[in-house]
Amino acid sequence: MSQEFQTVPPEITPEDILQRAAIDKSTRLPVLFFFTSAGAWLLIATVLGLLSSIKLLAPGFLDLEYFSYGRVQPAFVNALVYGWAFQAGIGVMIWIMARLCRTELRNPVTLVVAGHFWNLGVTLGVIGILGGMGNLHMKLLEFPPLVWPILLVAYSLLVVWMVIMFTARRKGAVYISQWYILAAVFSWPWIYLVANSLLNVMKQAGVAGPMVASWYANNVLFLWMVPVGLASAYFIIPKITAKPVHSYSLGVLGFWGLMVLAPWTGAQELIGGPIPAWIPAWAGMAQILLLIPTLAVVLNHYHTVRGSHDLVTLSPSLRFTFFGAIGYVTTCVISALLGSMSVSRYTFLSYAGDAVQMTGYYMFFSMAMFGAIYFIIPRVTGCEWVTGKRIRLHFWLSAYACIFMCFLLLIAGFSHGAAIEKWNKTFESATIFSHGYLLGRILMWLMLVVANFVFLKHLATMVLNRGRKAGQPTLIHEPVMPSDAELTIPTEGVQA
Amino acid sequence: MSSLKSFVLALAACIGIPTWIMAVRPYAKERERQPVAYQSTPDPANPTAPPKDPEAFKNLYYPASYAGDNKRGERVYVREGCAQCHTQVVRPDYAGNDQVKRFGGKEQEYKKDVPVPVRQTHMWDYMHEDFAMFGQRRVGPDLANAGYRFPDKDSKGVPDPKPIARLYQHLYDPRSLEDRAWSNCPSYKHLFVEKVKESVEGRGDALQLSGNVAPKDGYEIVPTDEAKALVNYLLGLKRAEDLPSSITGSQPKEQTK
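Respectively, the protein sequence lines represent chains W and H.
To convert a position in the first sequence, counted from 1, into the working numbering, add 1.
To convert a position in the second sequence, counted from 1, into the working numbering, add 162.
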């Protein structure tokens, strides 16, 4: 399978359509479980994110020990990553994998058990952070030390399930989304195990501690979120545009380029820190070279969508996915920029790091997951989204908020960093200087709260089976029918 | 199945090699790290003998020791998320201005308005720590050399409790300090308890608070053991000592101690 994947789908037969419906039905329980719990964590993460952004400007707001900035900020990031992003991603992985293996999902109970363990772990972790038991100095490893085995056991159930699913697939070539999903399935437990055994079990890491933590945190983004997000994009874009993936070679370059380069990145955020200087230099170089596979993937997507750009305005899934693809480029460009010496002089451990997080976790990954959820939920529940207006509202609020939040945080990182760099100025001036950006961030968070509230209400309606029963899929706008042409919206045009 | 196997093998090679080089090997190197002798050459009279006097032995190596109580304070520092806003890094001059910045290193001495630079932090400075607290973002001042900023004696050597009392008050409520109204540091009031005053002058360790943060009449605010451990930890953050020449590669002024 590592030699080839298909770009041209085989012919669709009536049996295939029946089988697809059966597969969708079989995935209903685990997929809805992961999507609903992801949605609940998204709500929690959004509220915590709003709270933490308020805290930097008004530390006296809600003045309880559990909600000081030092605890709320890591609680927010961990709830967003492990609560929302991982569970939404796992739901998408399960569904796409079942569809592409063209086998009905067996053992849904294994997945639901894994999901319960995962939720238990994340709940204990977030409560532990807020309650003052966390390791709040380790980036993305902030959960109390007892949590990581729970998460690892839950995830290994998923790994076993995925391998069984993949080996039981119906014969035929393997599609590129499956490569990405398998890569995400195997790489995260590996980096999580290594990071936790070094930092939580063996300890005494000294300066190696931040190196390992940065390596892990960056690779959660590039070895887990990026593969899952791209698997979803490679699935949804050809489906909705009803065209095969543009280029086979670009797909291979994008995949193996990512896998070869991404595991080296991470330490570049410590440029100038008391560690061997070649390590951040090497990591920064890998981060810059990573732009090549990124470009390959984006070209591939761009050419696949070319000629069908009107579909981006109509189809909710395609619009969110396309936005997510733009978010992916932005993430890679910002990361490469911050990994260079002249820039890191100002952005060393500044708000710019938050900008990378928000771009990667939100502008890229969450938006891609929203797109996938808008695609999958109607197929799994058998009813359509209630109204395109709510989807439109969700899209514009999220898009506006995350673009501006990333922009604000990036500028804040540069200018606040530059203000601190002035040796003869007091710290007071730099702090007061950052207030404008922090206020802007609060406003953007308020928008995200509204956007996610709209989305979650819509999702709840669908999960409770109160969606629209009519046949046509919900579009963002009612399509304007040209008088001389027939416009069809092929949502299931490509067999996979 | 063999194709899945080859895929997984290729993936393992892609991720395994960087795991070794970027994470495991630096970690193993760190575990091997030993304190470095200030004297690079042994005593010519008796090259193999260790120093007889244990006190002298302590001062012959860098880093000398790590006070046990600091570990408890470090735990408070960790769980309150101080590292979310405070870094503990002084970058070399090619990477940033940390060495000459106010609040960057220790409270600087000035020569004709130009600050005397502190040295950059080095790997040996973090040798005894489970995880070097580089921190996640610089919202607050750098704490790599915070210990120098709260001396317990004034410049003439007379004991002066004010700087450390100020540090306690900063932890209790940063904005109650008259020149820190702009601070966005959280207050850690849960590290302090309110107790009934038992005598007129109060307990020795009680906070001297006035204005709107002052306790009720007959009560006083006393730091808990955790607050004291945290303050001890902060006072122990001193990373501007001269290093052995084998680390820096240069000859400091007073190399031998």
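To be clear, the hints were calculated from the coordinates, so they are not data collected in a lab.
Cβ coordinates follow ideal geometry from the N, Cα and C atoms, glycine included.
You may find that some hints are simply not true.
Dumping the calculated DSS-like pairs for lysine-lysine here, alpha-carbon to alpha-carbon at most 30 Å [stated by the list, open to error]:
1. H:LYS324 - H:LYS400
2. H:LYS400 - H:LYS357
3. H:LYS315 - W:LYS204
4. H:LYS359 - W:LYS426
5. H:LYS400 - W:LYS423
6. W:LYS244 - H:LYS324
A few chain W residues that don't get close to chain H, going by computed Cβ distances all over 12 Å [to be verified]:
7. LEU30
8. LEU121
9. LEU200
10. SER215
11. ALA284
12. LYS390
Numbers of unmet hints, in rising order = 2, 3, 4, 6, 9, 10 and 11
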